[in-house]
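Spelled out, the chains give:
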Amino acid sequence: MLEVKHLTKRFGRQTAVNDMNIQFKNGIYGLLGPNGAGKTTLLSMIMGALRPDQGEIFFEGKSLSKDRKNFNSKVGYLPQGPLFYKEFTGLEFLEYICVLKNISRQSRSQQIDRVLREVNLNDAKNKRIGAYSGGMRQRLGIAQALLGDPQVLVFDEPTAGLDPIERIRFRNTLARFSNEKTIIIATHIVPDVESIAHAVVVIKDGVFITQDSPEFLMDSIKGTVWSLTVPITEIDAYINRFRISSIQLLNQHYVLRIISEKKPSADAVSAVPRLEEAYIYLTDGSPHDTASL
Amino acid sequence: MTLLRFEIIKIFRKPYVIVSILLFTLINFAAIFITNKGYQQWVMEEHQNQVCEEFLCGPIDSQKIDKVISETKRLSDIVASQKFSREYDSNTITGYLFGDFNLYYGYLEPNLKYAVSYAYDMQDIIQRAYENVEFYEQVGNIKELNKNHDIIQLYSGRSINEYRNLYGARYLLFYDFSGLLIMFLLVLTLTPGFVSERENRMYQLFPTFPSGERKINSTKFLFIILITLMYCIWFFIMDLIGFALFSHLQGFSMPLYSIQEFQLTPLNLSIGQFYVVCLILKIFGMLIISFYIAILSKFLPKTVYVFLGSVLPLVLFVFWLPRAHSALGWLDFVNPIHLIKNRYLFLSYNPIFIGSTPIQPVFIAVLVAMLLIIISSIIIQTGIRPRFA
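Read top to bottom, the protein sequences are chains A and B.
One gets our numbering by counting positions in the first sequence from 1 and adding 1 to each.
One gets our numbering by counting positions in the second sequence from 1 and adding 2 to each.
Think of the hints as simulated: they come from the structure by calculation, not from any bench.
Treat the hints with care, since some could be wrong.
[What the hints assert, rightly or not] Under the rule of at most 30 Å between Cα atoms (straight-line distance), these lysine-lysine pairs were calculated in the DSBU-like manner:
#1 A:LYS223 <-> A:LYS26
#2 B:LYS217 <-> A:LYS128
#3 A:LYS67 <-> B:LYS217
#4 B:LYS217 <-> A:LYS63
[As the list claims (entries may be wrong)] Partial list, derived from the structure: chain A residues whose beta carbon lies under 10 Å from chain B:
#5 LYS26
#6 ASN27
#7 LEU44
#8 LYS67
#9 GLY77
#10 PRO83
#11 VAL100
#12 LEU101
#13 ARG129
Since this is a predicted model, take the numbers as computed values, not measurements.
For every residue, glycine included, the Cβ atom is placed at its ideal position computed from N, Cα and C.
Sequences and hints are given; from them, build the entire structure.
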C-alpha cells in the first residue's frame, strides 16, 4: 500500500500541495484535477523528484524518506510530456531503462519484446526516437514504465498525444493489471479513467477534495444533471448561466447536459450522471446555476 | 560500462559533435601548416635543416665547430667588405650570399654556440649557487639556502653533446591552438551533459530507479574523464602528425634544455618525455574545464545558459595568460590554462615556498587541480539537485 500523509509542497509563496492525505491500495486510481491542481507536484514528490516541505510518504508501511530503494525497485513511472533521447532508437532506450532498473541481462530482451507488444511499437523499435510522433513517444514512455513488471505504476497524463485506438489499447492494458498492482493515473481527461478506475481522487488548487469509487461519485450528484433540448438561437443564454457538461447538435437543436442543483427549465429531464459531471461538479466553481430560465 | 556506452551514444549521435571533431581536426592541420610555413621562413628553417643534414647534425666535435666558425667568418668578411654579388648564386645554400651570411651568423653559429657553451654556463650557475649556499649558511637564510641546494642538484651534470635541428620540436612545444580547439569541443560535447536530461524530462525519471541518480551521476563522471582524455590524446596525436608532415620534427631524445627557451628549466627530461608530461598536465587542466562545464550543466536550467556560462570564462581564462619567467601567485593556480599552456611552469626554476621548503609551481598547480577535480566530482556525484529539477 502507498500512502501520503500531510504532504505539503510550496514554491515560494504558492502552495502547490497542501496537507494532502491519500491512500492507494491495489487497483486503478484516477487522480483527477484541473491544470495546476498539483497532480504533477504530488506525483513528483511520490517519485522522489521533489522533496516535500512537510509530510511523509509510506510504502508497505515504511517511510520513503528512510527507505526509497524498496519502492524504487517496485515502481514504474511515466512523467508528463517526456521527450527522452532523440538519438536513441526505441529499442536502445528500453535497454537503457533496463540497465537503470537493474533488470538482468537474461530477461531483458524478453521483457522488452513484451512491453513493445503491449504498446504496439514493435515495428518502430529500431527507429530513432527523434523520428517518433508524439503519440509513439508517449507509448514508449508507457513501455518503459511497464519494464520490470512493477507493483506500482504511476502515469502522469499518459494519454496525451494518443489517438483514440491507442487510448483504448492503453486502458485495456491497464485493466488487465488492475487487481494485482497499484496504478495511479493523473489526468484531467475523465474518460481515460472512467471505465477502468476503482477509485477516483479529486484534487483542486493543491487541496484534496474527495476519494471514492466512480459509482459513488456519480451517485452523489444524482438529481443535479439535466438533459435539455434547446433551439440553436437560445444556446448562449444557457452557456452563460449554467455549467454545461456536453452539447450535442441534433436536428437543428442542441441537446445540452446541464449540471444544476435546480431544474434549469420546465422542459429539462433528469439524467443519469457521468463521472465527468461529478468531476465538474466537484472542481468547477464557476458562476452559473443561479436560477431557472 | 553498459551505461557508459549509452552516454557515448547520447553525445556522439548528435551530428554536430562528429562534424565539429572532424572540422576542428582539419582546422588544426591548417593552423599547423600555416603557422609552420611562416615560422620556417622566418627562421630559414629549410636551409638550417639542409646544413644540418649535410654535416652539422649528430655529435658535436671540433671539426664541425671549426667549419661553422670559419664559414661564418668568411661570410661576415665578404658582407663587411660590401663587395658581394646580390644576384642569384646557385653555389650558395639560400641562393644568395647575404642569405647564407644570415643563416650562419643569425642561426647556425648562435645555435652551435649555445649547445657548446651550455655546460660551461651551467657550471657558472652552479659555482654561484655554491657561493650562495656558503653565504646563506652564514646569515641563516634557510629558504635561500634550500633553493640554492636545489639549483646545484637540478643543474649539475648538464651538457648538450649533439646538434639537431630543433625548430620543429620547439614549435611543437609552443603550439597552443589545439588546446583552444579542445576547450571548444569540450564545451560543445559536455554542455548538454546534465541540462539535456532536464530538458528531456529524464531528470524526473532518474530518482525512480533502484539506484536513484547515483548510477547516472557516476556514469556521467566517468564519461567526462573519458571524453577529456580522448580529446587530449586525439589532438596530441594530431599535433604530432601535423608537425611531422609540415615541419622537420626531430631531436625528441635531446634534453629539454637543448631548446634555448628552456635553458634554465628545472626538468632533466628529454624533449619527447617533456611532450608527454605536457599532455598529462594538459589533461589535468582540461579536466578542470570539463568539470566546470558539467557543474554548470547540472545547475543551470537551459542549454544556452550553460553554453554562454562555459564560453565566457574560458575566453577570460585564455586572456589571463601565464607570464614567461615570472613567479606565479597563488591565485594563478586556479586558472586551468596554466596547466594547459604549461611550458611556463618549466621555463626556469621559480619555486614557491611552503615554510622554508621550495616547491616547484607545477606541483602546486597539480595539487590545486586535483583539489578542484575532487570538489567537482563530489558536486557532480552527490544527489544535489537544483530546485527546478
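These are the hints, each one checked on the structure:
For the hint linking LYS223 (chain A) to LYS26 (chain A), the alpha-carbon distance of about 27 Å falls within 30 Å, and the restraint holds. A distance of roughly 27 Å separates the Cα atoms of LYS217 (chain B) and LYS128 (chain A); the hinted pair therefore holds under the 30 Å criterion. At most 30 Å may separate the alpha-carbon atoms for a hinted pair to count; LYS67 (chain A) and LYS217 (chain B) meet this at roughly 19 Å. For the suggested pair LYS217 (chain B) and LYS63 (chain A), the alpha carbons sit about 24 Å apart, so the restraint of at most 30 Å is met.
The restraint placing LYS26 (chain A) at the interface with chain B is violated, with a minimum CB-CB distance near 20 Å, outside the 10 Å limit. The beta carbon of ASN27 (chain A) is not positioned within 10 Å of any beta carbon in chain B (closest approach about 20 Å), and the interface hint is therefore violated. For LEU44 (chain A), the interface hint holds, the least distance from its beta-carbon to any beta-carbon of chain B being 9 Å, beneath 10 Å. Residue-level restraint check for LYS67 (chain A) is violated (minimum Cβ-Cβ distance to chain B is 14 Å; threshold 10 Å).
Evaluation of the GLY77 (chain A) hint against chain B yields a held restraint, the C-beta minimum of about 8 Å falling below 10 Å. Satisfaction of the interface hint for PRO83 (chain A) is found here, the shortest Cβ-Cβ separation to chain B being roughly 5 Å, below the 10 Å cut-off. Among the interface hints, the one on VAL100 (chain A) holds; its C-beta lies about 5 Å from the nearest C-beta in chain B, closer than the 10 Å criterion. Taken as an interface hint, LEU101 (chain A) checks out: its beta carbon lies about 4 Å from the nearest beta carbon of chain B, inside 10 Å.
Given the 10 Å rule on beta carbons, the hint for ARG129 (chain A) holds: about 8 Å separates it from the nearest Cβ of chain B.
Going down the numbered hints, you'll see the structure goes against 5, 6 and 8, while the others check out.
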